[in-house]
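Chemist: Under the working numbering, the first residue of the first sequence carries the number 3, and numbering increases by one thereafter.
Hints in this document: simulated from the structure, not taken from any laboratory. Treat each hint with caution, since some may be false.
Stated by the list, open to error - With beta-carbon atoms standing in for the labels, derived distance ranges:
(1) Thr-181 x Lys-136: 17 to 25 Å
(2) Ile-109 x Ala-66: 34 to 42 Å
(3) Asp-344 x Val-93: 48 to 56 Å
(4) Lys-252 x Ala-66: 50 to 58 Å
(5) Pro-348 x Thr-418: 34 to 42 Å
(6) Lys-319 x Asn-65: 45 to 53 Å
Unchecked claim - Capping the alpha-carbon separation at 27 Å, the derived lysine-lysine pairs in DSS-like fashion look like this:
(7) Lys-11 x Lys-257
(8) Lys-56 x Lys-40
(9) Lys-191 x Lys-135
(10) Lys-236 x Lys-252
(11) Lys-323 x Lys-384
(12) Lys-79 x Lys-100
(13) Lys-351 x Lys-329
(14) Lys-312 x Lys-334
(15) Lys-257 x Lys-74
(16) Lys-135 x Lys-79
(17) Lys-264 x Lys-79
(18) Lys-135 x Lys-59
(19) Lys-74 x Lys-236
(20) Lys-79 x Lys-115
(21) Lys-24 x Lys-323
(22) Lys-257 x Lys-191
(23) Lys-351 x Lys-319
(24) Lys-89 x Lys-56
(25) Lys-319 x Lys-136
(26) Lys-339 x Lys-329
(27) Lys-386 x Lys-24
(28) Lys-11 x Lys-325
(29) Lys-257 x Lys-334
(30) Lys-74 x Lys-135
(31) Lys-252 x Lys-329
(32) Lys-89 x Lys-334
(33) Lys-264 x Lys-319
(34) Lys-100 x Lys-135
(35) Lys-236 x Lys-79
(36) Lys-136 x Lys-252
(37) Lys-325 x Lys-252
(38) Lys-74 x Lys-59
(39) Lys-319 x Lys-11
(40) Lys-476 x Lys-456
Beta carbons: idealized from backbone N, C-alpha and C, even for Gly.
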Amino acid sequence: MSNILTSRKQDYAQWYNDLILKGGLAEHSDVRGCMVIKPYGFALWENMRDVLDKMFKDTGHQNAYFPLFIPKSYLSKEASHVEGFAKECAVVTHYRLKNDPNGNGVIVDPEAKLEEELIVRPTSETIIWSTYKKWIQSYRDLPLLINQWANVVRWEMRTRLFLRTAEFLWQEGHTAHATREEAIEETVKMLDVYATFVEEYMALPVIRGVKSPSERFAGAEDTYCIEALMQDGKALQAGTSHFLGQNFAKAFDVKFADKDNKIEHVWATSWGVSTRLIGALVMAHSDDEGLVLPPRIAPLQVVIVPIYNKDAEARQKIDDKAKALVKELQLKGIRAKFDNDDTTRPGWKFAEYELRGVPVRIALGARDLENNVAEVARRDEKTKSSVSLDGIESHIAQLLTDIQTNLYNKALAFRTENMRTVDSWDEFVRVLDETPGFVSAHWDGTAETEAKIKELTKATIRCIPLNNVQENGKCILTGNPSTQRVLFARAY
RNA sequence: CGGGGAGUAGCGCAGGCCGGUAGCGCAUCUGGUUUGGGACCAGGGGGUCGCAGGUUCGAAUCCUGUCUCCCCGACCA
């Protein structure tokens, strides 16, 4: 029974699927490409959401909500935007069903065709900017700093649980500013919020950077991103922040009067992270025994497993101690649970909580009580130690901090190890195949070269790191002059 | 959209070639013994075999059609 997961080595993709399904995070729904997020997975999302929401509010943003449906014509108002999203939009064409006259359930009522078809939002720029037009007249209405938590739909050809699903949950920030500089500042600020969140809460180091033009968001002037490295050496874009220039302001005619009563288009940004972060989290830290969750966002941080025996009196003592301990841990703000379910035995619980990635497990039996100790096991290193019950709460609190740090350090060490600098095409190809990870190399800056490299190696430019060192070199593929290195990787 | 796989009990699967009482493991329910790494014994319950046609005395099994999901590729957060 112990080998219920496919190992990473055996089949990384299958391992990931097993983890999501058996770890109780999500499952496939009856609708193709859509998933059901189960309570444990949703608890993870809620924790992420709560932290991010506070960070957004602390940086001056307010939440609002815009419709799920967008008039089809809105999408086409910004040329590159429609081009980017048109291929993956779900479209609502009718508003009513009726009983099939032939008796085969219900059919779409042909009489109920919509005058203008609606698309299910793949992102909300268009509906939001058509609204902002009404909200913004003067420089005094700026900056406008709005975020929304929502679901969006992108009709993907190929989906993977959390990493790419047809419907997903996310937040999208949409801001309007009086000046270009201020909008860029906002773009970078929110990228920084994402980076801080992912590094400090998810214990996952990221690289902040700018996308190459061909990887840009449809309608943006610049797309900033944070990129993380997964255990199989593939990169994953964990968040994006876009400087939209005046593209949407012009498309939707959003203008304001500045202090000199001059009429100008506003400057815009948008930024988002999604439930994809859960996929990143899973792939970054977990192992062949199951999930490994960083304490700061783990739904459950500590579980106490009782080890009973026949002695009813001893059992009572264990219960009393465990309940008192849970209470004390909770007083310290620790998410703790006493699992006294008597229908499963200790060994089963050990395996189950390991599968679910609970950071700390405390086992408490009669023998421990006699010695005034508990067995404390940490999920990240799979080590156990005997800890005195006196002041154990402080020990656990410290341990959770240590685990958080350890996970980050391990992920950072892994990324450092798998970040390679190469200067020749042969080496580039060899490194990608033999030791996947980020590859820092010179690129001549043309979309043609970028596309050719992708075609030949499946590697894409993940980003041009912020504050990138400028150095002269030769493009890895063409040998043309280059002024800086960019980061390549195969990516999710 | 191409290539592969799969739909049989809640879950995982066998059975199919060769048509004849629908089976196994896990889970579940009852009772008991247990409890320091996925316990054991005994007894019980649970299935329109994806759907629709056809062949046949008889179809999970053969034939035709159809739907769905998953995996691998091209597109993408």
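Chemist: None of the hints should be skipped; say for each whether it holds.
Modeler: Going down the list of hints, with the structure as the test:
| no. | hint | in the structure |
| --- | --- | --- |
| 1 | Thr-181 x Lys-136: 17 to 25 Å | holds (22 Å) |
| 2 | Ile-109 x Ala-66: 34 to 42 Å | holds (37 Å) |
| 3 | Asp-344 x Val-93: 48 to 56 Å | holds (54 Å) |
| 4 | Lys-252 x Ala-66: 50 to 58 Å | violated (23 Å) |
| 5 | Pro-348 x Thr-418: 34 to 42 Å | holds (39 Å) |
| 6 | Lys-319 x Asn-65: 45 to 53 Å | holds (49 Å) |
| 7 | Lys-11 x Lys-257 | violated (56 Å) |
| 8 | Lys-56 x Lys-40 | holds (24 Å) |
| 9 | Lys-191 x Lys-135 | holds (24 Å) |
| 10 | Lys-236 x Lys-252 | violated (38 Å) |
| 11 | Lys-323 x Lys-384 | holds (24 Å) |
| 12 | Lys-79 x Lys-100 | violated (34 Å) |
| 13 | Lys-351 x Lys-329 | holds (21 Å) |
| 14 | Lys-312 x Lys-334 | violated (33 Å) |
| 15 | Lys-257 x Lys-74 | holds (23 Å) |
| 16 | Lys-135 x Lys-79 | holds (14 Å) |
| 17 | Lys-264 x Lys-79 | holds (25 Å) |
| 18 | Lys-135 x Lys-59 | holds (23 Å) |
| 19 | Lys-74 x Lys-236 | violated (36 Å) |
| 20 | Lys-79 x Lys-115 | holds (23 Å) |
| 21 | Lys-24 x Lys-323 | violated (31 Å) |
| 22 | Lys-257 x Lys-191 | holds (24 Å) |
| 23 | Lys-351 x Lys-319 | holds (20 Å) |
| 24 | Lys-89 x Lys-56 | violated (35 Å) |
| 25 | Lys-319 x Lys-136 | violated (66 Å) |
| 26 | Lys-339 x Lys-329 | holds (9 Å) |
| 27 | Lys-386 x Lys-24 | holds (24 Å) |
| 28 | Lys-11 x Lys-325 | violated (41 Å) |
| 29 | Lys-257 x Lys-334 | violated (51 Å) |
| 30 | Lys-74 x Lys-135 | holds (18 Å) |
| 31 | Lys-252 x Lys-329 | violated (57 Å) |
| 32 | Lys-89 x Lys-334 | violated (51 Å) |
| 33 | Lys-264 x Lys-319 | violated (77 Å) |
| 34 | Lys-100 x Lys-135 | violated (39 Å) |
| 35 | Lys-236 x Lys-79 | violated (36 Å) |
| 36 | Lys-136 x Lys-252 | holds (14 Å) |
| 37 | Lys-325 x Lys-252 | violated (62 Å) |
| 38 | Lys-74 x Lys-59 | violated (32 Å) |
| 39 | Lys-319 x Lys-11 | violated (44 Å) |
| 40 | Lys-476 x Lys-456 | holds (18 Å) |
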